[in-house]
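All chains should be modelled from the sequences, with the hints used to inform the complete structure.
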Amino acid sequence: MNNSNSDRDRATAEDMLPEYDFSEGVRGKHYKAYQKGHTVKIHQPDGSVNVQHFTLEEGAIMLDPDVRKYFPDAASVNHALRTLITLFPNQYDTLSMGKQNEHV
0 MNNSNSDRDR
10 ATAEDMLPEY
20 DFSEGVRGKH
30 YKAYQKGHTV
40 KIHQPDGSVN
50 VQHFTLEEGA
60 IMLDPDVRKY
70 FPDAASVNHA
80 LRTLITLFPN
90 QYDTLSMGKQ
100 NEHV
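Each residue of the sequence shown is one higher than the one before, starting from 0 at the first, in numbering that gives the first Met the number 0.
Hints may contain errors.
As the list claims (entries may be wrong) - Simulated restraints on C-beta separations:
1. 21 <-> 78: 32 to 38 Å
2. 88 <-> 66: 21 to 27 Å
3. 57 <-> 15: 25 to 31 Å
4. 49 <-> 19: 43 to 49 Å
5. 37 <-> 69: 23 to 29 Å
6. 27 <-> 69: 20 to 26 Å
7. 41 <-> 84: 41 to 47 Å
8. 84 <-> 43: 27 to 33 Å
9. 81 <-> 40: 23 to 29 Å
10. 57 <-> 81: 17 to 23 Å
11. 22 <-> 84: 23 to 29 Å
12. 17 <-> 40: 25 to 31 Å
Calculated directly from the structure, the hints in this document are not laboratory data. Quick reminder that beta carbons are idealized off the backbone N, C-alpha and C, glycines included.
This is how it looks when you write it as structure tokens:
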């Protein structure tokens, strides 16, 4: 099963309606704005509007899709990074050992 990107792109292009033209789209165009947060307005049938503002938690990071498939949750990311940090013992000593179980 060798699904190349071009096969996938071709299949998507065939399924895509003509009015959905993303050929001039820019990857990451709204990334910085998304990092600052976004507002969602929900219009209710009675005419009222509920406004909700969403922001990323302090310290939150975004993983690229190819990396994300290896790390299903924060605990797995933290475990991998702590394992990597042990390769640098002088710097690892400065970390609080109590942080290891904080998000498990």
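Hint check results:
1. 21 <-> 78: 32 to 38 Å: Check passed, 37 Å falls within 32 to 38 Å.
2. 88 <-> 66: 21 to 27 Å: Roughly 25 Å apart at Cβ, these two residues keep to the hinted range, so it holds.
3. 57 <-> 15: 25 to 31 Å: 38 Å, violated
4. 49 <-> 19: 43 to 49 Å: Between residue 49 and residue 19, where Cβ atoms are some 29 Å apart, the hint is violated.
5. 37 <-> 69: 23 to 29 Å: Given about 27 Å between the Cβ atoms, the range holds.
6. 27 <-> 69: 20 to 26 Å: 21 Å, holds
7. 41 <-> 84: 41 to 47 Å: 43 Å, holds
8. 84 <-> 43: 27 to 33 Å: At 49 Å between Cβs, range violated.
9. 81 <-> 40: 23 to 29 Å: 41 Å, violated
10. 57 <-> 81: 17 to 23 Å: 20 Å, holds
11. 22 <-> 84: 23 to 29 Å: Violated, since residue 22 and residue 84 (Cβ atoms, about 43 Å apart) do not stay within the stated range.
12. 17 <-> 40: 25 to 31 Å: 30 Å, holds
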